[in-house]
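Read off the chains here:
2 protein chains.
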Amino acid sequence: MKTIDVCLSPDLMHLYPVHDRVVVVVDILRATSCMVTALAHGVKSIRPFANLEECRAMKTKGYYTAGERNGEKVDGFDFGNSPFEYMADNLKGQKIAFTTTNGTQAIAKSHGAKEIIIGSFLNLSAVTGYLKGGKDSVLVVCAAWKGKVNLEDTLFAGALVENLKDHVEPDCDAPLAAQRLYNLAKNDMVSFLKDSSHVKRLNRLNIHKDIEFCLTPDQYSVTPRLIGNDLRLL
Amino acid sequence: MKTIDVCLSPDLMHLYPVHDRVVVVVDILRATSCMVTALAHGVKSIRPFANLEECRAMKTKGYYTAGERNGEKVDGFDFGNSPFEYMADNLKGQKIAFTTTNGTQAIAKSHGAKEIIIGSFLNLSAVTGYLKGGKDSVLVVCAAWKGKVNLEDTLFAGALVENLKDHVEPDCDAPLAAQRLYNLAKNDMVSFLKDSSHVKRLNRLNIHKDIEFCLTPDQYSVTPRLIGNDLRLL
Numbered sequence: 109m110k111t112i113d114v115c116l117s118p119d120l121m122h123l124y125p126v127h128d129r130v131v132v133v134v135d136i137l138r139a140t141s142c143m144v145t146a147l148a149h150g151v152k153s154i155r156p157f158a159n160l161e162e163c164r165a166m167k168t169k170g171y172y173t174a175g176e177r178n179g180e181k182v183d184g185f186d187f188g189n190s191p192f193e194y195m196a197d198n199l200k201g202q203k204i205a206f207t208t209t210n211g212t213q214a215i216a217k218s219h220g221a222k223e224i225i226i227g228s229f230l231n232l233s234a235v236t237g238y239l240k241g242g243k244d245s246v247l248v249v250c251a252a253w254k255g256k257v258n259l260e261d262t263l264f265a266g267a268l269v270e271n272l273k274d275h276v277e278p279d280c281d282a283p284l285a286a287q288r289l290y291n292l293a294k295n296d297m298v299s300f301l302k303d304s305s306h307v308k309r310l311n312r313l314n315i316h317k318d319i320e321f322c323l324t325p326d327q328y329s330v331t332p333r334l335i336g337n338d339l340r341l342l
Numbered sequence: 109m110k111t112i113d114v115c116l117s118p119d120l121m122h123l124y125p126v127h128d129r130v131v132v133v134v135d136i137l138r139a140t141s142c143m144v145t146a147l148a149h150g151v152k153s154i155r156p157f158a159n160l161e162e163c164r165a166m167k168t169k170g171y172y173t174a175g176e177r178n179g180e181k182v183d184g185f186d187f188g189n190s191p192f193e194y195m196a197d198n199l200k201g202q203k204i205a206f207t208t209t210n211g212t213q214a215i216a217k218s219h220g221a222k223e224i225i226i227g228s229f230l231n232l233s234a235v236t237g238y239l240k241g242g243k244d245s246v247l248v249v250c251a252a253w254k255g256k257v258n259l260e261d262t263l264f265a266g267a268l269v270e271n272l273k274d275h276v277e278p279d280c281d282a283p284l285a286a287q288r289l290y291n292l293a294k295n296d297m298v299s300f301l302k303d304s305s306h307v308k309r310l311n312r313l314n315i316h317k318d319i320e321f322c323l324t325p326d327q328y329s330v331t332p333r334l335i336g337n338d339l340r341l342l
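These protein sequence lines map, in sequence, to chains A and B. First residue of the first sequence: 109, per our numbering; consecutive thereafter. First residue of the second sequence: 109, per our numbering; consecutive thereafter.
I should point out that these hints are in silico values taken from the structure, not numbers from a laboratory. Heads up, a few of these hints could be off.
Same chains, same label: a pair holds when it works inside one copy or across any pair of copies.
What the hints assert, rightly or not - Below, simulated DSS-like cross-link-like pairs (lysine-lysine); rule was C-alpha separation at most 30 Å, straight line: (1) Lys240 / Lys308; (2) Lys243 / Lys294; (3) Lys294 / Lys273; (4) Lys273 / Lys240; (5) Lys110 / Lys308; (6) Lys302 / Lys110; (7) Lys308 / Lys294; (8) Lys181 / Lys200; (9) Lys254 / Lys222; (10) Lys273 / Lys302; (11) Lys308 / Lys181; (12) Lys181 / Lys167; (13) Lys308 / Lys243; (14) Lys302 / Lys243; (15) Lys254 / Lys181; (16) Lys167 / Lys317; (17) Lys273 / Lys222.
This structure is a prediction, so every number in the text was calculated from the model and none was measured.
Start from the sequences and build out the full structure, keeping to the hints where you can.
Encoded structure:
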């Protein structure tokens, strides 16, 4: 039986082989939620960057620049890190260069994986279905916050473990912990997360609407995948 | 208000300042459970070693040698890693050199802390009381399994967060996750842990009795502390 494991922080990636795994990168608040939203709304491709200046340089190559540092939009960039920014009609068919504090770092650390896909609650069922259909074992990589484990990414990992439980076996304790937390939280994730560190951080930025949206399952039936250097829809 | 944080794996120690913290090292199955048992039964001191051969060399200096690698007793050592080995009368007043796969590594990685104490369910209330009475913020360091997060150490961290909730504020999401898992598990930890990776590993070694004992709260009212190179009772 194929397995599922959960890397709760990118700083633990050295413990997990990826060459034979489908890696699902998750940064619920808000990088992967934005990526899913943008591609579902017709953006052609998203190129993720760990490095901010490399991302900024893409402006001269026909890309929109987007992302955040410490939760706030980068000076001089076209877009920040709210999913609502990525629903605009004039973004259809466009290319975006994207960098964030945690999410794009987690993608960079997943390089070498057999396959990298992008997960969020917004496309939970699509990702579940894709993983059910595949042959390979799964590693969920939580973007966390500067290396520290966070609740919202852990809950998403737990949702995948729960949804795949008849198809994929948990590989270690992290998937079990995540699954149990998800089952505890799933009926009201907004309340469950109200004390979490990043929700508090984002509440200070006055983006409660973003948080509620990012915790809403199944708004889009897309599964973004890293093909070459770019995230695109399958 | 002082704070409590939880480092879920020694491989995340670089994220946590320790110089101004009381660090509680926990390796429920079974290193810190053994240490607590031994000192409660009258062992004079325990010197923890990360390195196996350094530990072995203490044999010539009047120490008993003890510990495990991969869950099994080290060849040529006097004692293994079962708490029941440390209840013998002839160990009273003796010195032990101790090395384990995870627990003594976690102690080594905690060096530089303002204070290092040893936690287990066996001395949960004693540790809780000690931390309540202290002025410093707390970091619980879970020994985990070769860097991978485990459930039993996470539950103990959660028990401390829960027991200290009126006195100490959670610093980030890891203590919240641990606390919620503990509250889910506390009425029957043996059942909660039956699918966990290390319980499965130890069941193969046929030590179910050890597991039940290590999950029993408050067998001893001692708080072992690292003083110089040795763990002793306060």
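Each hint tested on the structure:
1. Lys240 / Lys308: The answer is between: 26 Å across copies meets 30 Å, while 34 Å in one copy does not.
2. Lys243 / Lys294: within (28 Å within a copy, 37 Å between copies)
3. Lys294 / Lys273: both (16 Å within a copy, 24 Å between copies)
4. Lys273 / Lys240: Within one copy, since 10 Å is at most 30 Å while 41 Å is not.
5. Lys110 / Lys308: between (37 Å within a copy, 19 Å between copies)
6. Lys302 / Lys110: Close across copies (21 Å), not inside one copy (35 Å); limit 30 Å.
7. Lys308 / Lys294: Both ways: lysine 308 and lysine 294 sit 20 Å apart in one copy and 28 Å across, limit 30 Å.
8. Lys181 / Lys200: For lysine 181 and lysine 200, only the intra-copy Cα distance (21 Å) is at most 30 Å; the inter-copy one is 63 Å.
9. Lys254 / Lys222: Both: 25 Å inside a chain and 24 Å across chains, each within 30 Å.
10. Lys273 / Lys302: The answer is both: 27 Å in one copy and 17 Å across copies each meet 30 Å.
11. Lys308 / Lys181: For lysine 308 and lysine 181, only the intra-copy Cα distance (18 Å) is at most 30 Å; the inter-copy one is 47 Å.
12. Lys181 / Lys167: Intra 16 Å, inter 60 Å, cutoff 30 Å: intra-copy only.
13. Lys308 / Lys243: Answer is between: at 26 Å across copies they meet the 30 Å cutoff, but 39 Å inside does not.
14. Lys302 / Lys243: Intra 37 Å, inter 28 Å, cutoff 30 Å: inter-copy only.
15. Lys254 / Lys181: within (17 Å within a copy, 38 Å between copies)
16. Lys167 / Lys317: Answer is within: at 29 Å inside a copy they meet the 30 Å cutoff, but 64 Å across does not.
17. Lys273 / Lys222: Within one copy only: 22 Å inside a chain, 44 Å across chains, cut-off 30 Å.
Of the numbered hints listed earlier, not one is contradicted by the structure.
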